[in-house]
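Join the two chains, each given in its own frame, into one complex according to the hints.
Protein sequence lines correspond, in order, to chains A and B. Numbering-wise (numbering that gives the first Met the number 0), the first sequence opens with residue 0 and increments by one. Numbering-wise (numbering that gives the first Met the number 0), the second sequence opens with residue 0 and increments by one.
I should point out that these hints are in silico values taken from the structure, not numbers from a laboratory. Treat each hint with caution, since some may be false.
Unchecked claim - 25 Å max Cα-Cα, derived SDA-like pairs, lysine to any residue:
| hint | chain 1 | residue 1 | chain 2 | residue 2 |
| --- | --- | --- | --- | --- |
| 1 | A | K139 | B | S239 |
| 2 | A | K216 | A | T5 |
| 3 | A | K111 | B | T238 |
| 4 | A | K139 | A | E103 |
| 5 | A | K142 | B | R248 |
| 6 | A | K98 | B | R251 |
| 7 | A | K142 | B | H346 |
| 8 | B | K261 | A | H118 |
| 9 | A | K111 | B | R248 |
| 10 | A | K98 | B | R248 |
| 11 | A | K186 | B | R248 |
| 12 | B | K261 | A | R167 |
| 13 | A | K142 | B | Y117 |
| 14 | A | K243 | B | E235 |
| 15 | A | K186 | B | R251 |
| 16 | A | K314 | A | Q295 |
| 17 | A | K139 | B | V561 |
| 18 | A | K301 | A | D209 |
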Amino acid sequence: MTDVATVKLACRGVWKVFGRGAEAYMAAGPGPEALTPEAMAEAGLMAGVRDVTVEIGEGEIFIVMGLSGSGKSTLLRCMSRLIEPSAGEVLFEGRDLLKASEAELIDIRRHKMGMVFQHFALLPHLTVLENVAFPLAIQKVAKAEREQRAREVIELVGLGGRENAYPRQLSGGQQQRVGIARSLAVKPELWFLDEPFSALDPLIRGEMQDELIRLQKVLRKTMIFVTHDFDEAIKLADRIAIMKDGRVIQIGTPEELVMNPATDYVAAFTRNVQRAKVLTARSIMSPVNGVAAIGQVRATDKIADVAPIVIGAGKPVAVTDDSGAVIGTLAPQAVIDTLIGRDART
Amino acid sequence: MTALALRLGAVPRAYFWAFWLVLGVASLVLWSNPDIAKWLVKYPRSMFVPLIAWINDFKTATIDYVTPFTRAIAALIELPFDLLQALLAKGFITAGQDVIFPRLSWLGVIGAMTIAGYALGGVRVAVVSFLCFAYLAVIGKWDSAMLTLASVALCVPIGIVCGLVFGILCFRFTWLYDWVIRPSLDIAQTMPAFAYLVPVLLLFGSGPVPAMVATVIFATPPMVRATKLALEQVPEEITSMADMFGCTRRQRLWRVMLPTAKPLLLVGINQVIMMSLNMVIIASMIGAGGLGFDVLVALRRLDIGPAMEAGFAIVVIAIALDRMSLAAAHQDGRWQAPPQGSFMQRHPFVVMAAAWLALTTFGGMAFDGLAAVPEALTFSTKTMLDEVVAWINVTFFDQIEAVKVWLLVNLLNPYKAFLLDLPWISVVAATGLLGYQLGGWRLAVLVAPLILFPVLVGLWEKTMIAVYLCSISVFFAALIGIPVGAWASTREWRNRVVTIVIDTLQTIPIFVFIIPAVMLFGIGDVSAMIAIVLFAVTTAIRYTNHGLRQVPPHLIEAARAVGCTQRQIFWRVKLPLAMPEIMLGINQTLLMGLAMLIITAMIGTRDLGQEVFIGLAKADIGRGLVAGLCVAFLGIVADRLIVAGAARLRRRLGLPDE
Numbered sequence: 000m001t002d003v004a005t006v007k008l009a010c011r012g013v014w015k016v017f018g019r020g021a022e023a024y025m026a027a028g029p030g031p032e033a034l035t036p037e038a039m040a041e042a043g044l045m046a047g048v049r050d051v052t053v054e055i056g057e058g059e060i061f062i063v064m065g066l067s068g069s070g071k072s073t074l075l076r077c078m079s080r081l082i083e084p085s086a087g088e089v090l091f092e093g094r095d096l097l098k099a100s101e102a103e104l105i106d107i108r109r110h111k112m113g114m115v116f117q118h119f120a121l122l123p124h125l126t127v128l129e130n131v132a133f134p135l136a137i138q139k140v141a142k143a144e145r146e147q148r149a150r151e152v153i154e155l156v157g158l159g160g161r162e163n164a165y166p167r168q169l170s171g172g173q174q175q176r177v178g179i180a181r182s183l184a185v186k187p188e189l190w191f192l193d194e195p196f197s198a199l200d201p202l203i204r205g206e207m208q209d210e211l212i213r214l215q216k217v218l219r220k221t222m223i224f225v226t227h228d229f230d231e232a233i234k235l236a237d238r239i240a241i242m243k244d245g246r247v248i249q250i251g252t253p254e255e256l257v258m259n260p261a262t263d264y265v266a267a268f269t270r271n272v273q274r275a276k277v278l279t280a281r282s283i284m285s286p287v288n289g290v291a292a293i294g295q296v297r298a299t300d301k302i303a304d305v306a307p308i309v310i311g312a313g314k315p316v317a318v319t320d321d322s323g324a325v326i327g328t329l330a331p332q333a334v335i336d337t338l339i340g341r342d343a344r345t
Numbered sequence: 000m001t002a003l004a005l006r007l008g009a010v011p012r013a014y015f016w017a018f019w020l021v022l023g024v025a026s027l028v029l030w031s032n033p034d035i036a037k038w039l040v041k042y043p044r045s046m047f048v049p050l051i052a053w054i055n056d057f058k059t060a061t062i063d064y065v066t067p068f069t070r071a072i073a074a075l076i077e078l079p080f081d082l083l084q085a086l087l088a089k090g091f092i093t094a095g096q097d098v099i100f101p102r103l104s105w106l107g108v109i110g111a112m113t114i115a116g117y118a119l120g121g122v123r124v125a126v127v128s129f130l131c132f133a134y135l136a137v138i139g140k141w142d143s144a145m146l147t148l149a150s151v152a153l154c155v156p157i158g159i160v161c162g163l164v165f166g167i168l169c170f171r172f173t174w175l176y177d178w179v180i181r182p183s184l185d186i187a188q189t190m191p192a193f194a195y196l197v198p199v200l201l202l203f204g205s206g207p208v209p210a211m212v213a214t215v216i217f218a219t220p221p222m223v224r225a226t227k228l229a230l231e232q233v234p235e236e237i238t239s240m241a242d243m244f245g246c247t248r249r250q251r252l253w254r255v256m257l258p259t260a261k262p263l264l265l266v267g268i269n270q271v272i273m274m275s276l277n278m279v280i281i282a283s284m285i286g287a288g289g290l291g292f293d294v295l296v297a298l299r300r301l302d303i304g305p306a307m308e309a310g311f312a313i314v315v316i317a318i319a320l321d322r323m324s325l326a327a328a329h330q331d332g333r334w335q336a337p338p339q340g341s342f343m344q345r346h347p348f349v350v351m352a353a354a355w356l357a358l359t360t361f362g363g364m365a366f367d368g369l370a371a372v373p374e375a376l377t378f379s380t381k382t383m384l385d386e387v388v389a390w391i392n393v394t395f396f397d398q399i400e401a402v403k404v405w406l407l408v409n410l411l412n413p414y415k416a417f418l419l420d421l422p423w424i425s426v427v428a429a430t431g432l433l434g435y436q437l438g439g440w441r442l443a444v445l446v447a448p449l450i451l452f453p454v455l456v457g458l459w460e461k462t463m464i465a466v467y468l469c470s471i472s473v474f475f476a477a478l479i480g481i482p483v484g485a486w487a488s489t490r491e492w493r494n495r496v497v498t499i500v501i502d503t504l505q506t507i508p509i510f511v512f513i514i515p516a517v518m519l520f521g522i523g524d525v526s527a528m529i530a531i532v533l534f535a536v537t538t539a540i541r542y543t544n545h546g547l548r549q550v551p552p553h554l555i556e557a558a559r560a561v562g563c564t565q566r567q568i569f570w571r572v573k574l575p576l577a578m579p580e581i582m583l584g585i586n587q588t589l590l591m592g593l594a595m596l597i598i599t600a601m602i603g604t605r606d607l608g609q610e611v612f613i614g615l616a617k618a619d620i621g622r623g624l625v626a627g628l629c630v631a632f633l634g635i636v637a638d639r640l641i642v643a644g645a646a647r648l649r650r651r652l653g654l655p656d657e
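In isolation and in its complexed conformation, chain B is listed as follows (with noise of 0.2 Å):
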């Protein structure tokens, strides 16, 4: 058995270099007299299977039955958020544009904000909330921040509870996890949000609904793995003691088990609150208004102000809630006796909270101060930002010209063209060749049909240009991130400097990156590529940082009793032995980029984001939806090379499977 086993699992390596070798020459020819086959460099349109026309005919068959049941679910959703937005943003009208009751005053909600912190997270979390809501009142964004909010309100409980109802099934029913829902999860993590909202649009009408049913797709997923995972970490004793009492199936799940894993289950909704805040900004293109809508108008035009400002509100938006929900997870460390008495005695917050609210907003019928922010309170940073913004532009601009125009002649462009010339059987087969090397034939047979999915569909020049824009970033990303994390990774201060940073910089969504770069770079591949290196370098540099203080400290000891010096420490001992980590931070990486790809769509690139973002544009649900496939595709390939490779490199230095 060992026998049959060297013989298909271990070719000896001398074959690989072999392999690679006859592919490289073969390439190579091919590259240089393309006339040999020409079909074998550029796959003939002839050929091309009409996936997109299939899926488009599918639609047309079968969206007359599918629609009134959709749209009905759409009405349903419709109605609660008609009333969250009329509460938080528009107030009640009638069709004749009477106001039948405001909106809750901003003042009562700044307090009822608070008022929450502090009863989830004490004076420190109170204090950001404060400062957070205030903020959006005084810089003028309430309107649009409300719109957000009450998008978020309704979203986050529709997520939890699917995401819990999921992950229950998926714990009692481990073939249903195995065989259906994990295989959705990693889709639906991989595959680019806007890819889905293609179909979600044509299957649930235009507006804010759609959009809302395209946040919750995306942010239950978390959901749903915390809610397994939360259920799997209930200690047996605990089941035990449950069966032990008599608890029916029901009462154990009920109020045994979720009680139990209660920590866990927060920290799950923590990550659906920012998954949703993440894509109701994106959502808001398709009709949803508020703050992303905002950006998106803003960066249209290229006014660097507005969107900034937009986007700091979003980012604002993003901390306070973050604290809220991280500090309602972290509270089990401080029970309290449970207060006992009336509704007021035992839930004194709630009553606070609501009695502030209604004092305000009653009040801000007789007051027009409480209704509405007071011109004389808000103060726009708009002119400001833009001159800043027009100072540096003016000031730099020649360096910053330079730059651009440096990386593109010598970097972006070579790289580009040199990828959208290879050969499509070459990438094809060397990625086949990686997948046999790492991790055996059954990876191979997975990954190359994958990559081939964009050859046979006539994507294949869109998806080169993703992979260009993706590495190249990511490689950046890679040569910031490492050296950062492995500053950080050698002094404790600096270790949580760094942590504090990143942290910050993680709660801040995806949409708001490409500010930065559009206001330095202006529009096209130098600013997509920087958007993507800010919003991954974060993961390189958390990785790198964790795997290298990984290292178990009596490795270092003893390197260093053999009188090895700081700096061979760190490269014989401690990196090597890091390596594992650091390649799952630039797996990671990678994903972040891909997720990156679409929104950077936005300022100009040409690639497979581009097709997704026509198919949303056109509500060409074959062309979104393909495209889509594709990022997700490349998502997977990447994801399961580099998590072989890892896996490999962990066996070879002797460390225990993740």
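Just chain A, with the same shape it has in the complex (with noise of 0.2 Å):
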């Protein structure tokens, strides 16, 4: 799924390579033989993030994910240019986000970035209203505004009444809360957030995942996601790219990575996951060959969304498209073999 409506970001071949002489080493122009890692190890170097080109598009939920090492945080600190890519572009709204100066990276990220942290980030000193408040106070917005502005988010994320708290009278999902809230101050375009719920206990991760879907329905932003965790991944994403040592290796919808994994890597991942919850009624229905069929179903409908539907039927039913055509039709044997996990399609 390439066919991104707008791009919004775009990575073309970006590189993060440590060590020293990094900087010259990528300037001097290396073939593929000196690209690999061996090569570079040689080299005294060690490449973070390696030849990554992703687009990402306008309100899309995109999601890095990748296990500790992998490059994911190196990868969306270069998107963010939070640090310097050794080599390869970042287009942000199709500007070269490498070239820009000092002052319109400041001028770029005040307006049109927000970023959530994985420990928060919170500064102790200040009540959450200052925290949320502090990225217009560094706009130099009037105190009134920035208020007024900061209370509307707080309200926003559910913190309505805590404003005068300061951060460590919060407990971790709250403080949390107030990270998005501060993101949110400047209304960014482009949203970065950094494993933002791997420092949160699992009940509480939970609830701001749902969270965060809720606010994506109201705010439509074009979110990148870094997330160690693959569930969670499948949870929110429209797409997931899956890094592991400094690479992309498969970039697709929750679905595409399920029914085709491109390595073994991948499969591992998706082998535990509960199915039912990703795949569509398209991708497990059977053609329309004279089948009686009763009701219908969306074909982007989620399995184990229709499942009562379908089995309460006990007869195949009719999956129609957007138009409302019928594509085809969904046994109730395959959205049981999905949802107890046996492969539907043997």
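Following this line, the structure appears as structure tokens:
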């Protein structure tokens, strides 16, 4: 799925190489044989991000998933230019971020980007209200105006009433709500989230994920979300990029990853996924070959959501596309197979 | 490459025994027959490097160009100082001795300090603060104490600002730290404070102001270090956050990093306050007046009672300021919602304190009792202390004298004579060899020339006396400190008791420690040694205790599991593993001993400290500075050797590097 409507952010051949003399090494235009991990290790270098090319569309939730050390956070920092990529281009709304001057970069960040951090990165000496208003304060927005805006977003993330608390008086989940509110205060167009829920305990994590889905329905931001948790990725993503050893090894919707994992590495992640929550009616339906079908479900519906209808019907159910035309049927057995994790296609 | 490293880095251990043997025999021969090569035993006077004269020539040549500048700075400092002094101690007085406006009422200051204590640390700190300042008033030391406080009140903000500025510069430009600031800080810390009183005195003229300049120089280094460290410890996420929300560099520093680093910065401020107090006392001898001056005058007259009384007053101020600033540093645990509303509602304590000060001070214009501490309220402990001291000295004269004479005859004097007789070449060679053994040729090349310096400038004898006094004091400090530390490390309650005692002892300014020593042993080497031991023993205790408690519990369990007795566990497991830490403690003890040398010079030692002291008294910049450098070099040599030794031991034990 590369037919993205409007590209918000694109990476073209982005590298981040660590080590002494990394810049010179990459600037010399090394051939492919000089870019293997072994050749780089010989030169005392280590690539955190290797030749990454991705395009992120407007309004999309794009998830970068990988285990620790896979380079996912480094990639995120290259995208926001918190660290300087060693090679490649980062195009934000079509212009190369890496060529922007410091002043331009500050301007872009102040008005178009927001970021949520793993350990919240709240300022301990400021209250919730002041923390949330902080990005506006450094833009020298008048106090009344910025506090009003801050109160709006605090209300939005459900922290109304705690404006005057200090970060250390809040629970982890509440602190991250402050972090989210702060990142939204400037009305960013591009929203970076760096493992925002990893430091929270599992119950709160699930709650915050639901909260994020709710927020996204209202806000429709372009979201770049880094996580090491595949379930979290599946739950939130429009598309997922899976990283290993600095490379993106597969990009696709959760469904594509589950149905067609590119490598064994990806397959290992997808194996334990609850498939019924990922797969849609389209991917397990049978062709319409004269079978009498009752009722109807949409092709984009998740199996888990339509299971009661189909199983309750006891017969194959018609699957329709967006225009209402019947494009296939969904048999109760196929739904049951998916629910219990048996591969329905065999 | 490994073969080369082996050849250069690791000479087989057996070789070193051979080297030491050769050196030992050669020294013995030289020592018993000095006539073989006299110049190798006693460095000939004709070959002295006239460094002192050069420095003085340089001074004479440049002083006229520098002084207008420095005197201008002095004038700049003098203005706020006069203001503070008038406010706290003297009142605003015209040239014709008419009081225009009185000083702050003593009752007002006590009240304000109590309120400050409460605002910073709650009831407990308020009580400490009240008791301390009330004591100053009651004991009749109010005037001197306020003079001292005025100096501290000016030095501390200057020290903090300088420390912040340099700390920030160090953080931003690492080369500046590595190449300029760090070496300067090392020297500033090992060089005795007095040594830079001398140039300061010349450059800034005499009086209280040069004393303050010296104080600021002395008190700033810890703030520089604390600032740099605090900024480095700001989490990377926080700095990323600042960048991500589009902070400019300046906004990132001032609005994000410094506030986040605040708790550590406040610890630095605590250190500035304590160091300032320490130094202000010392510096008061060159004209600042105050409590230090009282102690000095009393000591010179051997008036132990008044000396102790003024000494107590210093301790009391130190305790109050320490508790208040530490409470401020630990305050971050209890953020409260910021009060809204008018200035008065937002800062109730400031308003209260100001109101109380105004009330009592204006009241003082009408009632004398508010302006000066009423005679009826004060009582002096002088006579009582004098009587106690006299009683001790009369009753225990024989015993004390016996101890003193025994120490001198059997230990101090022979040891001193032995060190003085050593051929200088042997000491230099041994230092170099030890450096080579512990840290390779790099260390050898550093320490040997440093120890050669006193030889060349003709201060060898005084340097050896300093070595003698310092090493024997450190020996006793270790002899007392290590067992006490070991005792404390075995039980939690012991640890707590010892820690409280040590913490209290360490807030006592260095200067105070000579008083009890002089009280019992009069003037001389024994007193000096005891003062150094008293001052340095806390460090030996602290490091031993810490080192032993740090031994991993699983190792002790393993030892117990194979059936070690308590004694075996201590000697075979705990002590060897704690040894590197204990060595670092000895190192610190030594450095503290060196710092104490100059102070003990006041009670009649004849070492480098005396030399600095004379330099100060005669305003001889070269003499003071060169002797100061000798002390600093001794400190650096000892520090580098012991640290290298500890590091070697750590590696051999497989412990992680410091």
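| query | Among all the numbered hints in the text so far, which are the ones the structure does not match? | reply | Violated hints: 13, 17; rest satisfied.
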